[in-house]
Amino acid sequence: MNRARASLARIAAIARKELHHLQRDRLTGGMVAGVPLMMTLLFGYAINQDVRHLRAGVADLSGSQRARWLVADAQASQVIDVVADAASVQELERKLVAGEISVGIAIPADFDRRRVDGDRPGAQLLVDGGDPVVLAAVRGLMALPLERRAGAPVREAPPRAFELRAYYNPERRSPVHIVPALCGVILTLTLVLFTAVAIVRERERGNLELLITTPVQTPELMVGKIAPYVAIGYLQVTLILLFGRFLFDVPIEGSLVSLYVATGSFVAAALTLGLLISTVAQTQFQAFQMAFVSFLPQILLSGFMFPFDGMPAPARWLAEVLPLTHFLRIVRGIVLRGASLADVLPEVEALLIFFSIAFALAVLRFRKRLD
Amino acid sequence: MTRELAVRTRGLTRRFGRVTAVDGVDLEIPRAAIYGFLGPNGSGKSTTIRMLCGLLTPSAGAATVLGLEVPRDAEKLRRKLGYMTQRFSLYEDLTIAENLAFLGEIYSLPAAPRRARIEQLLDEFHLRELRDQRAGTCSGGQRQRLALAGATLHEPELLFLDEPTSAVDPQSRRDFWETLYRLVERGTTILVSTHFMDEAERCHELAILDRGRVVAAGAPERLMREIDASVVEISGADLRAARAALERLPAVQSVAQLGTRLHALVDPAQAEPAAHIVAALRGAGVEAHVELARASLEDVFVAATRPHAARSAA
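These protein sequences, in sequence, are chains Z and A.
Read in order, the letters of the first sequence correspond to residues 1 to 371 in the numbering used here.
Read in order, the letters of the second sequence correspond to residues 1 to 314 in the numbering used here.
Rather than coming from a laboratory, the hints here were simulated on the basis of the structure.
Do not take every clue at face value.
What the hints assert, rightly or not - Computed list of chain Z residues with no C-beta within reach of chain A, every gap over 10 Å: (1) Asp25; (2) Arg66; (3) Val82; (4) Asp112; (5) Arg114; (6) Leu125; (7) His177; (8) Phe248; (9) Ala319; (10) Leu345.
As the list claims (entries may be wrong) - Short derived list, chain Z residues pointing at chain A, Cβ under 8 Å: (11) Ala13; (12) Lys17; (13) Glu18; (14) His20; (15) Arg203; (16) Gly206; (17) Glu209; (18) Leu210; (19) Thr214; (20) Leu370.
Given the structure is predicted, the values throughout are model-derived calculations rather than measurements.
All C-beta atoms in this analysis are idealised placements derived from N, C-alpha and C, irrespective of residue type, glycine included.
Given these sequences and hints, build the entire structure.
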């Protein structure tokens, strides 16, 4: 019992010391609040998969009133802004190559006849297909109803196989999708870095040689190093959710208590990943590099950048190992879909398993020796 | 005569790759005394201390510290050992009081005695006015006092000090040694490494290390008394010429300048060493005053490290 008390006291001593460091290290202190604010603003405003206002050029070879109505309708959809006129399809292609426009509308001379025939398409869209997101947005233009003003014979709309009903984000606003996920990305970025340098910094500054001659035990050192950052992780999650709520009107459907409980497992996993890096790296610079290398696959494979289900199987297997993948399911589930803690329990379990293995490895790798 | 030993090593060896930093060291360090390691940089002082602390695993040999075997029982020793590293190893961004409080907590001192002990140390090491100053902004001497205060906070039985005075001024060094004597009076055993002769002379016993080996060991007075050479002191106007003349003599082991005099170490087999030197100088036409002298610790050091140097040069 007494030994447990002494052990807790040593953990508290390490944790308090870490807080002192943090207080005096302005850069790291700034990262705690600055990174969430900056990233939320940046991603909230800049990442927008609901593409609008693409620059477009028009080559109207028909010169007909109906062709002008078509262009006006397309412009009214806000998907494109007509910024250039071209005399020929070739000129349109040149502008596309030069990057002046990303969409070209080619209207053939016999546009009016094609409208009446109805079995050939009326006009052509030339798209810079390099960016799939742009291509998908322009595809939306193809559904533009020409019947209204462009004067095609009134026909019955073809029967549709599906009717679409979007749950949870009916307005298709990107921030709603991105801001909760940002919690995970920002925590991954900052927490892994905080602990990745934690031990290697002591090694570089010579503190470790003294620390390992004291009675402190390796697991105590590790827990003491992590503990203050758990609080910081929660602070960051809170900040991001507040920014999301007030800047981007991101609703929180589920229970905050569930979210905070589940977040604990992710914070622990991310911090322990950093700690493991810290026991491998020899210098702080190496620790930074390794943290970065661990960061990229998490961003790319977790489902933050691309939908998880669309990835090939090996990528999905790898993604299942990464903490961020599981946290994104948790945070999107609870924040966007109102999932309960029980719904996301498998993800919490996966994170706890990751934490346990990484912690054991970190403790095993760390030696109270210099050789 | 059996005396109580704090440290005993047999054939202690440590290799780093192909370099042998410590080579078959046998030590017997008595309790409640100051034991010195004297040697140049790279002679294996720090490596030996680190092995005795349990920080480095010996490549060969055995070491017993306070009756426990290292590195096997190193964890059991933690509370009984104090270690002042060569490089300042407390936290520069913590204040002096915070550093001491941290160490006190790590060593599980209960709150009330811990605070009392820290107050006592602040007075004893003249750190009271600096208590809220960050360690990184303190001078070399202040940091050294803090480091020693930290190493003695938990009142260890055995204190390892690795070149504790290399970054401090002479006054601080004198004060520092006064503190060490006070600690020894209370029963602490101190092992201190140094490359200063005057500091080595203050130790109760010392070992001279050279390239990882102990080349001489014992009380400084005894080492000076029993030096394996005759010491001849030469003073005069042209010491450079005198030195050149003496270095050619086969009976002269070495010549070293100490201020305005030369010390020549002469083979103990040489009868009448002073007369031998006088004759040699007269032969070379150098005017000088010659007399037999008492060996200094530096003479001991030179004599002890010389044969080894000759051997490895051959």
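Check on Val82/Z being off the interface with chain A, judged by Cβ distance over 10 Å: 60 Å, holds
Regarding the hint that Ala13/Z lies at the interface with chain A, is the smallest CB-CB distance below 8 Å? 3 Å, holds
Hinted contact His20/Z with chain A - closest CB pair below 8 Å: 6 Å, holds
Hint Lys17/Z vs chain A: min CB-CB distance below 8 Å? This hint holds: Lys17/Z lies near chain A, its Cβ roughly 5 Å from the closest one there, short of 8 Å.
According to the definition I'm using, a residue is off the interface if its beta carbon is farther than 10 Å from all beta carbons of the partner; does Leu345/Z meet that for chain A? Non-interface label stands for Leu345/Z: nearest chain A Cβ at 38 Å, farther than 10 Å.
Was the hint right that Gly206/Z lines chain A, CB cutoff 8 Å? Check passed: Cβ of Gly206/Z comes within 4 Å of chain A, closer than 8 Å.
Would Arg66/Z pass as off the interface with chain A, using Cβ distances and a cut of 10 Å? The claim stands: Arg66/Z keeps its Cβ more than 10 Å from every Cβ of chain A (closest is about 75 Å).
10 Å Cβ clearance of Asp112/Z from chain A: The assertion about Asp112/Z holds, with a minimum of 79 Å to chain A.
Should the interface hint for Arg203/Z be scored as holding, given a Cβ-Cβ cut-off of 8 Å against chain A? 11 Å, violated
Run the C-beta distances from His177/Z to all of chain A and say if the shortest one exceeds 10 Å. 41 Å, holds
Once the shortest beta carbon distance from Leu370/Z to chain A is found, is it less than 8 Å? Status holds, d = 5 Å.
Quick check for students: does the CB of Arg114/Z sit more than 10 Å from each CB in chain A? 76 Å, holds
Against the hints set out earlier in the document, violations occur for numbers 1, 13 and 15.
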